[in-house]
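Q: These are the residues of each chain, in order.
Number of protein chains: 2
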Amino acid sequence: MPHQNLNSVLARIDSDLDASLERLFALLRIKSISADPAFADDCKTAAKHLANDLASLGFATEVRPTAGHPAVVGKSNGQAGKPHVLFYGHYDVQPVDPLNLWHRPPFEPVVTDHADGRKIIVARGAEDDKGQLMTFVEACRAWKNVTGSLPINVTVLIEGEEEVGSKNFGPFLQQYKADLSADFALVCDTGMWDQNTPAITTALRGLVYEEVRIKASNRDLHSGIYGGGAQNPIRVLTRILGGLHDENGRITIPGFYDGVKDLPPDVLAQWKALNLSADSFLKPIGLSIPAGEKDRLLIEQVSSRPTCDINGIVGGYTGEGSKTVIPSLASAKVSFRLVEGQDPVKVRAGFRKYVSDRLPGDCGAEFLDHSLAPAIALPWDMKPLAAAKQALTEEWGKEALLIGSGASIPIVADFKKTLGLETVLIGFGLEDDNIHSPNEKYDLKSFHKGIRSWARILAAFAEAKL
Amino acid sequence: MPHQNLNSVLARIDSDLDASLERLFALLRIKSISADPAFADDCKTAAKHLANDLASLGFATEVRPTAGHPAVVGKSNGQAGKPHVLFYGHYDVQPVDPLNLWHRPPFEPVVTDHADGRKIIVARGAEDDKGQLMTFVEACRAWKNVTGSLPINVTVLIEGEEEVGSKNFGPFLQQYKADLSADFALVCDTGMWDQNTPAITTALRGLVYEEVRIKASNRDLHSGIYGGGAQNPIRVLTRILGGLHDENGRITIPGFYDGVKDLPPDVLAQWKALNLSADSFLKPIGLSIPAGEKDRLLIEQVSSRPTCDINGIVGGYTGEGSKTVIPSLASAKVSFRLVEGQDPVKVRAGFRKYVSDRLPGDCGAEFLDHSLAPAIALPWDMKPLAAAKQALTEEWGKEALLIGSGASIPIVADFKKTLGLETVLIGFGLEDDNIHSPNEKYDLKSFHKGIRSWARILAAFAEAKL
Chain C
1 MPHQNLNSVL ARIDSDLDAS LERLFALLRI KSISADPAFA DDCKTAAKHL
51 ANDLASLGFA TEVRPTAGHP AVVGKSNGQA GKPHVLFYGH YDVQPVDPLN
101 LWHRPPFEPV VTDHADGRKI IVARGAEDDK GQLMTFVEAC RAWKNVTGSL
151 PINVTVLIEG EEEVGSKNFG PFLQQYKADL SADFALVCDT GMWDQNTPAI
201 TTALRGLVYE EVRIKASNRD LHSGIYGGGA QNPIRVLTRI LGGLHDENGR
251 ITIPGFYDGV KDLPPDVLAQ WKALNLSADS FLKPIGLSIP AGEKDRLLIE
301 QVSSRPTCDI NGIVGGYTGE GSKTVIPSLA SAKVSFRLVE GQDPVKVRAG
351 FRKYVSDRLP GDCGAEFLDH SLAPAIALPW DMKPLAAAKQ ALTEEWGKEA
401 LLIGSGASIP IVADFKKTLG LETVLIGFGL EDDNIHSPNE KYDLKSFHKG
451 IRSWARILAA FAEAKL
Chain Y
1 MPHQNLNSVL ARIDSDLDAS LERLFALLRI KSISADPAFA DDCKTAAKHL
51 ANDLASLGFA TEVRPTAGHP AVVGKSNGQA GKPHVLFYGH YDVQPVDPLN
101 LWHRPPFEPV VTDHADGRKI IVARGAEDDK GQLMTFVEAC RAWKNVTGSL
151 PINVTVLIEG EEEVGSKNFG PFLQQYKADL SADFALVCDT GMWDQNTPAI
201 TTALRGLVYE EVRIKASNRD LHSGIYGGGA QNPIRVLTRI LGGLHDENGR
251 ITIPGFYDGV KDLPPDVLAQ WKALNLSADS FLKPIGLSIP AGEKDRLLIE
301 QVSSRPTCDI NGIVGGYTGE GSKTVIPSLA SAKVSFRLVE GQDPVKVRAG
351 FRKYVSDRLP GDCGAEFLDH SLAPAIALPW DMKPLAAAKQ ALTEEWGKEA
401 LLIGSGASIP IVADFKKTLG LETVLIGFGL EDDNIHSPNE KYDLKSFHKG
451 IRSWARILAA FAEAKL
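Same order as they appear, the protein sequences are chains C and Y. Under our numbering, the first residue of the first sequence carries the number 1, and numbering increases by one thereafter. Under our numbering, the first residue of the second sequence carries the number 1, and numbering increases by one thereafter.
Take these hints with a grain of salt, some might be off.
It does not matter which identical chain is used: a pair holds within one copy or between any two.
Pairs of lysine-lysine, DSSO-like flavour, derived with a Cα cap of 27 Å [unchecked claim]:
{"#": "1", "residue 1": "K272", "residue 2": "K346"}
{"#": "2", "residue 1": "K465", "residue 2": "K283"}
{"#": "3", "residue 1": "K346", "residue 2": "K416"}
{"#": "4", "residue 1": "K398", "residue 2": "K31"}
{"#": "5", "residue 1": "K294", "residue 2": "K353"}
{"#": "6", "residue 1": "K119", "residue 2": "K416"}
Hints listed in this document are in silico derivations from the structure and should not be mistaken for laboratory results. Remember, it's a predicted structure, so these values are computed and weren't measured experimentally.
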């Protein structure tokens, strides 16, 4: 039985959409790039901005410091006998470089037309995660405005370090453990299956992210004098990294696949039926040949198989023109997406040994650890899942899918470990949102129907026997 | 018989050293970085500065435009029956990055103490090539000041694009062919054997310098969504470049060694006797293992064998922290030092084919050509060589050596081809001068005795039957 006020709330969302967009834009204008210390004040500004907004809705709100950027906690209680959810989002965004590839300034949001006619919101963070988290906040606003309260008890928790590995989030949860108790968690940082098909994500890949710096000579050298005799750290680095994949796309680090299981035959059959083709998945991004293990389906390559990517590399002269230098240093950022069964500590150790074993005797390697998170598999039979799935299906007119995601959301493991909470992952992102890239966007439809979806989900949680 | 005025000229050089240094400093303060268009005006300023200085010595001087940075031509004639030399230098310098590794601003020259007590001149260009070319200009100044003229006829030609491959120099020589006629050329852009042993360079390696850009997807991607399925151009680039050398340090491009000859047994024996060890050559730069072909002497690796170096590489996220991006582009600068017998056009084609053959079907490669110069072997029996060798030996009190150099000076080929001139290569650089690196320096002794050496050489050319 639908909640008695739901239709009024949905009508309110529709009529309030322009104002909702204005509020999202205000948040998008804040340059809360967590990776760059130059934007630390902007991160504080974003936290305060969100705290003020939640307080205006009647949430009991605090900005709480961490060893890094602050987190925001807001509480709306008082619904005795109703479930209590812990909603998670993050206000920090990825760096914007290369800036010259943006069609407009990344922190000046606009609604514009996609080439195919869709209305899109363009800005850094438009999707990840400001747009997504505001779908939930706006749903709460509509409920509060129409009925004066929320249908369930809600704690909103918004952090500022998701894009840099959430290093201070575990200790934060530990510190406020009692204060953050709830029945289960909600995370809005995932995607839909496609533009018309909503999804709940029930499996996430883990992430090991390493930076490796190769050191050769004690200073930059002239290749005319030393070329041929002195070791070149870029040669060493390319030789080592160039060997990380074999000719079949398989990762060559000894022990890397330890613990990785094949999909159960029935799941594999379901995935085969989804028929994710190179044409549909790779063609829109200008590619045509799946780059992963040749004996796996493309959907396995991007969802259930572990991966290795070089996310950045730099060394020597990279300016215009030429310079005949042999640099003393070269470095790369290398990340691994992990699946259930893999131990991130072991993967990191395996990578470091792989590099060290291949170094010439007069070169050195230094490693920096940027992330160390295991993969997560959530139970497919959680009660909130069924309620949320039904609500999503009603909003979108198409059955919501339960899917695995190649992305990593390390905080889901922290919720389980520290707070004992399972997480329901719902989001409205699309593959072409350009998150972490120039010209990030969020479909206006995702934003609008995302707000409506959350309004329905809150009602469904209130009605369900959870 | 020594020239009658030589001793007075040498005395004048000694007493005028501080003023010579001041004049060098004025030139070093000009930021004439040819690779970076932002410094185009500084290049013009350097050309004008040198033209004014030469004019003040009575040279008939002109700044002549090219399609790039201008060149300076100055003529001092009137010594009928005496040889006519074309002296070549370049006023342009290498970029200064990484700036943070300089101990002081690169364009604020000083004389300071080296750790081992030597007096050194520190600045970008202190050696390459401003310090070196000013040894010749100051020698001319001393002759002019003492005797009112030079002992021989001299055309000074100073270009501004040596550090970017001298692309406009061939056409320039062609244009002014008649005007630049001379008996032979002098180039001051090479080094000594060691701090106490002067040298004349009679062989130079060629240079093929390529930039390669690998293109994969049509935009940057999130590795969480696409990782494992989408090709990563850094993976492609490292795989290709990492295979350029085999385990024995040999370059793997098919046909690369075509035409390369082994040293004649007597030369090999002489080189063996020089006993260039890893300890003496590599230890000062923090290395210990020769990186070239394992079956070759270190002196062969850096002098007579062709080489391949990756001079720069960049792709993806290279800022602080981490970003889970799969970039759409990755690029590298790759150079090859060539020896006699190798065809640079064939080497370039071989490299491009090597890369293209190894590209995944959905990736592309773009190539930029930064240099294409063959190796040079000069005749060891040139008459000016003997005169210059004798003059150098007298100045330094140690027999001057005839040596091969790993560096490339492409203009030597242009002098031969366009003007029909052989070149005598004399310079006073040392291996630890950090040219093309932070903290470039020139020994004060190199500068002072370099000026004296040229004063003697000019006299020797006037006396010799050339």
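Q: Could you run down the list of hints and mark each one as holding or not?
A: Cross-check of the supplied hints:
Taking the shortest Cα distances, K272 and K346 never come within 27 Å of each other, neither inside one copy (31 Å) nor across copies (49 Å). Taking the shortest alpha-carbon separations for K465 and K283, neither the intra-copy value of 44 Å nor the inter-copy value of 74 Å comes in at or below 27 Å. For a Cα distance limit of 27 Å, the shortest separation of K346 from K416 inside one copy, 21 Å, qualifies, whereas the shortest one across copies, 62 Å, does not. For a Cα distance limit of 27 Å, the shortest separation of K398 from K31 qualifies neither inside one copy, at 36 Å, nor across copies, at 66 Å.
In this assembly of identical chains, the alpha carbons of K294 and K353 lie at most 27 Å apart whether taken from the same copy (26 Å) or from different copies (25 Å). For the homomeric pair K119 and K416, neither the shortest alpha-carbon distance inside one copy (37 Å) nor that between copies (66 Å) is at most 27 Å.
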